[in-house]
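Colleague: Keeping their order, the protein sequence lines are chains A, B and C. Going by my numbering, the first residue of the first sequence is number 1, and it counts up by one from there. Going by my numbering, the first residue of the second sequence is number 1, and it counts up by one from there. Going by my numbering, the first residue of the third sequence is number 1, and it counts up by one from there.
The set of hints was computed from the structure by calculation and includes no laboratory data. Heads up, some of the hints might be wrong.
Since the list gives no way to pick one copy over another, a pair counts as held whenever it fits inside one copy or between any two copies.
[Unchecked claim] Below, in silico cross-link-like pairs of lysine-lysine (DSBU-like), each with a Cα-Cα straight-line distance of 35 angstroms or less:
id: 1; residue 1: K161; residue 2: K43
id: 2; residue 1: K236; residue 2: K11
id: 3; residue 1: K11; residue 2: K43
id: 4; residue 1: K45; residue 2: K236
id: 5; residue 1: K260; residue 2: K46
id: 6; residue 1: K45; residue 2: K165
id: 7; residue 1: K46; residue 2: K262
id: 8; residue 1: K262; residue 2: K285
id: 9; residue 1: K11; residue 2: K46
id: 10; residue 1: K11; residue 2: K45
id: 11; residue 1: K252; residue 2: K43
id: 12; residue 1: K11; residue 2: K252
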Amino acid sequence: MSNLQLTEDGKLKHFLTVEGLSQNLLAEILDTAESFVGGAGQKIKKVPLLRGKTIVNLFFENSTRTRTTFELAANRLSADVLSMSIATSSTAKGESLLDTIRNLEAMFVDMFVVRHNISGSAHFIAQHSAPHISVINAGDGQHAHPTQAMLDVFTIRQMKKDFAKLRVAIIGDILHSRVARSQIQALNILGVAEVRVIAPKTLLPAHVETLGVGVSHNLHEGLQDIDVIIMLRLQKERMTTALLPSEAEYFKCFGLTESKLKIAKPDAIVMHPGPINRGVEIDSKVADGVQSVILRQVSNGIAVRMAIMSMAMQPLGAA
Amino acid sequence: MSNLQLTEDGKLKHFLTVEGLSQNLLAEILDTAESFVGGAGQKIKKVPLLRGKTIVNLFFENSTRTRTTFELAANRLSADVLSMSIATSSTAKGESLLDTIRNLEAMFVDMFVVRHNISGSAHFIAQHSAPHISVINAGDGQHAHPTQAMLDVFTIRQMKKDFAKLRVAIIGDILHSRVARSQIQALNILGVAEVRVIAPKTLLPAHVETLGVGVSHNLHEGLQDIDVIIMLRLQKERMTTALLPSEAEYFKCFGLTESKLKIAKPDAIVMHPGPINRGVEIDSKVADGVQSVILRQVSNGIAVRMAIMSMAMQPLGAA
Amino acid sequence: MSNLQLTEDGKLKHFLTVEGLSQNLLAEILDTAESFVGGAGQKIKKVPLLRGKTIVNLFFENSTRTRTTFELAANRLSADVLSMSIATSSTAKGESLLDTIRNLEAMFVDMFVVRHNISGSAHFIAQHSAPHISVINAGDGQHAHPTQAMLDVFTIRQMKKDFAKLRVAIIGDILHSRVARSQIQALNILGVAEVRVIAPKTLLPAHVETLGVGVSHNLHEGLQDIDVIIMLRLQKERMTTALLPSEAEYFKCFGLTESKLKIAKPDAIVMHPGPINRGVEIDSKVADGVQSVILRQVSNGIAVRMAIMSMAMQPLGAA
């Protein structure tokens, strides 16, 4: 997997998963993103790094928010962007997905930003793309959402500096979350002291410990000594599949309230990949409170995606 | 309301309603728009006034025409534009509308152009936006459509010069029309001699005189001495709600035909915000006739929206 | 028809059909396209030829692929592009189509790229547009798809040089194909030795010979001596209308396989306007084989459309 993402001399070519990447490469992404951020709350300047390049947003799964941040990041890099929403049904067979890719390649595009509800789709497209194409995974099935994980660790570094001392809790539906999988990988590569997942047993994968995490089934207990709290969005459809009793019950046990937040360290930060379900996994007072960095994550998403897109295009520029 | 729209030193910050704005400010908008218009039928040049700015078209209500003119106006100002069509259902609760706004703000956008089927939506968004954001109302419920009113008075000034001597008739469904409400305000602020509404009683608001208009229920009578005729679009759905007998009946009483047009002054101009219902509120011969300035209104829409957008961004540029 | 497309001094003004154009003009289009192509597989550079111009993609019929190539071609020419997907239902009456056109004209756009399911729509729009507007036909009903035909003959010229010696076979549903109609015209104008259509009788128009083609109902027989093989896409809906027995039966008789390809000349090239139905009209081994130039056609589509769009704008530039 990791080899596919890198050029022979170890530069970023595709960005498909955090898994297998080196601490140095992740740090390089974070440093590059840093260079795009003006100052606190300041606007990101438009730079000509990808002028004349064409980026195609290939969204087989609907996501206004993620598509928008990728589009804005591409604008800031001066690239041309083409957004395509593709009904999965029309490309159900791998063969016709390949034909779609081959045709777009033939139109001289330079990068695919791919979101797909099937795990492995971005890898598949990267494996079968022409040598000059870069592929960015914008979320594939329940597998990975690596740009989200990178903007999360960027935000953590902004707020907390030294990863080595941090205890990070990820709370909620770990089982179905591509975000959680990528976060766990990134945090471990960057060398945090502990990643702890907190969830009911029905929302944890089997043998979750093998991912390199501590486990708790109890929010009161799990939040002890925590520096960074990452809440996950609870997909409402889980309710109907007997994995969970009810929204109210879930909120009571695993929803983050002001009183529960006090169990963590006093300077703990609260994160969420959005969009938030107020009153389901998080209380509004916490989401909008002083410890929340949820909107900062959104802002950082632009700079981090600019960094990843421009780095992935770099080997070409040099060639 | 008016204070919200202006900076402390009286400059335009948001453009939400014509109500409460000064004659000077309206004249400044018209003069700025004038500077963008080349000559009769000539193309508007692209200017770099908003280069590097990001404008988001937030359309909670569908409108290809209005969205298109805002997009073209933004292009001419060299801004980046992001068009989002948002199903109202997904943001039914004010809380999630706010979350949408907060997220877009965090992505460093500079302006929201808002169309919404609920009156007051643009005000709500302006009230809750970050200080650096400008909000333009592109139509909210039955409340206001101020950019339409400004392009209408711009067109009137082009054709008729002196507002003080003009008698303007607005004909049709005043009751449900945000366009009419904004037109009446703008015309009164600019000091026309008379605004006269002509409509059946079922299509007039109660106490309509308090808006500062004369009233007639008879087209023959009402068109006497009129310099400017503004026809309103008749929403077909009004038919089913017992407010009106039938399309044919409406056309007979309130439809503008060549013979009825002769009742007005010989040099009267005919306006319509579009899209027109030929044979319902207006006869094709009048819509396409020499006294019609309907397409000129569309052209002027680009220049007037450029003026409003660039003026609203100005306080930032200076800061 | 042809006069409508040309200015008084014979320059391209609209591009509606290949029919009636001179060999010289087609050659000029091909030469202009040549100038945009870098080298084999090389990317097309962005040029400022249409900077400040606004192109509207008016798609009354859905087509992601064609819309995308026009949008990319417009980007490469530095034009601003506005893509509008218009449900035909809302403009069912010719009158309201005209109103749509009039309104867009009034917004100072420079070019319409039109796709419509009714034959003659692009002509109709060209006839009724303002003098400064250029109209490009991106496919109208079963009438014409002239930019597709031009990219096809461009690809043939790249691969085969001299048209005068070529025998070209077009295979499949000639009856319903606007692509075939335009290809036959272009090939005959460019003076190929023979155009031969190969199809079952139910998929050929009556008196097809009058189009200037040879006819065969048998693939084995028809492929003899052929230099260029153009496969047409089989619209699946034809199956249900009793024109064809079954997909398997069609593939057996008219599908292009490796063994049938051997009947043609050894250096014959295989073309297809896409999207291909693998296993219906063409075997995957042929579609992806060394004689296939299908993806080259897609690449050439950008350069050829750039050529046509920039030439159609030229008379204006000079005026």
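Colleague: Evaluate each hint against the coordinates.
Modeller: Consistency of the hints with the structure:
1. K161 / K43: within (22 angstroms within a copy, 43 angstroms between copies)
2. K236 / K11: Classified as neither; 40 angstroms inside a copy, 46 angstroms across copies.
3. K11 / K43: Both: 28 angstroms inside a copy, 23 angstroms across copies.
4. K45 / K236: neither (38 angstroms within a copy, 48 angstroms between copies)
5. K260 / K46: neither (42 angstroms within a copy, 55 angstroms between copies)
6. K45 / K165: within (33 angstroms within a copy, 50 angstroms between copies)
7. K46 / K262: This pair counts as neither: shortest intra-copy Cα distance 41 angstroms, inter-copy 55 angstroms.
8. K262 / K285: within (13 angstroms within a copy, 65 angstroms between copies)
9. K11 / K46: Both, since 24 angstroms and 27 angstroms are each at most 35 angstroms.
10. K11 / K45: both (25 angstroms within a copy, 26 angstroms between copies)
11. K252 / K43: For K252 and K43, neither the intra-copy (39 angstroms) nor the inter-copy (57 angstroms) Cα distance is at most 35 angstroms.
12. K11 / K252: neither (46 angstroms within a copy, 49 angstroms between copies)
Hint check: violations occur at hints 2, 4, 5, 7, 11 and 12; the rest are consistent with the structure.
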